[in-house]
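Take these sequences, add in the hints, and give me the full structure.
Protein chains in written order, with our numbering: chain A, 1 to 113; chain B, 1001 to 1117.
It is possible that some hints are incorrect.
[Unchecked claim] Here are the simulated DSS-like cross-link-like pairs (lysine-lysine), alpha carbons at most 30 Å apart as the crow flies:
#1 Lys-1109/B to Lys-1070/B
#2 Lys-13/A to Lys-1078/B
#3 Lys-13/A to Lys-57/A
#4 Lys-1078/B to Lys-1055/B
#5 Lys-1109/B to Lys-1073/B
#6 Lys-57/A to Lys-1109/B
#7 Lys-1078/B to Lys-1109/B
#8 Lys-57/A to Lys-1073/B
#9 Lys-1109/B to Lys-13/A
#10 Lys-1109/B to Lys-1055/B
#11 Lys-1055/B to Lys-1070/B
#12 Lys-1073/B to Lys-1055/B
[Unchecked claim] Stretch-level coverage of chain A by chain B, calculated; a stretch enters the list once three of its residues show a Cβ under 8 Å from a Cβ in chain B:
#13 45-59
#14 84-96
#15 103-110
Bear in mind the hints are in silico, worked out from the structure with no lab data behind them. Heads up, the beta-carbon is just placed ideally off N, CA and C, and yes, glycines get one too.
The chain contents come next:
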Amino acid sequence: KAGVTQTPRYLIKTRGQQVTLSCSPISGHRSVSWYQQTPGQGLQFLFEYFSETQRNKGNFPGRFSGRQFSNSRSEMNVSTLELGDSALYLCASRTRSLNTEAFFGQGTRLTVV
Amino acid sequence: AQTVTQSQPEMSVQEAETVTLSCTYDTSESDYYLFWYKQPPSRQMILVIRQEAYKQQNATENRFSVNFQKAAKSFSLKISDSQLGDAAMYFCAYRSPDTGANSKLTFGKGITLSVRP
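Printed below as a string of structure tokens:
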């Protein structure tokens, strides 16, 4: 069974641009969560999608948004990029059945210059 | 809101020796899940071990075991017979009960473990 796939692996963007990151969950997993990892703030929860609906949202500005498609693939978008958005963005999927754990992708390293 | 604290930023262990990584958490919930994740230089978070709060028995996975003290809100990870491949960043994480409301993980800051040959 293929794992969680995130694309692209690396990305360099200029301040003010926007970016879209993609996450394909493990087959059969309908819940997708996104996290931002930085050296200063550590791992912070961005949002979770389940059945194409956002179920939970972390404390991030509205520039951070996401969506989920009917095949459970998810995208997150960051508009008007700031230098502080440079981070590793991790995606995790799980089945949402009781007592199951999340599986992570390898992340997308975003650098804003 | 739940918080997870890992107070040791770095630890080092000799190959084949045992090391214990500490984690404390704060919550008002009585049922929850605790996890230890490993993040090697490849960046992928790998689940090491999990503990359900309603289970009194400490979880064990091969060389990895936990010491779960619910009253003290402590969840430490013991790595026995340390191997070079254990060198990585380790994160302690908390998740609320499976009410269907969310899958959010709350992470500690992590600890960098180095293994000396």
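Enumerated hints in conflict with the structure, sorted upward:
Hint 2 is the one this structure does not satisfy, whereas the remaining hints hold.
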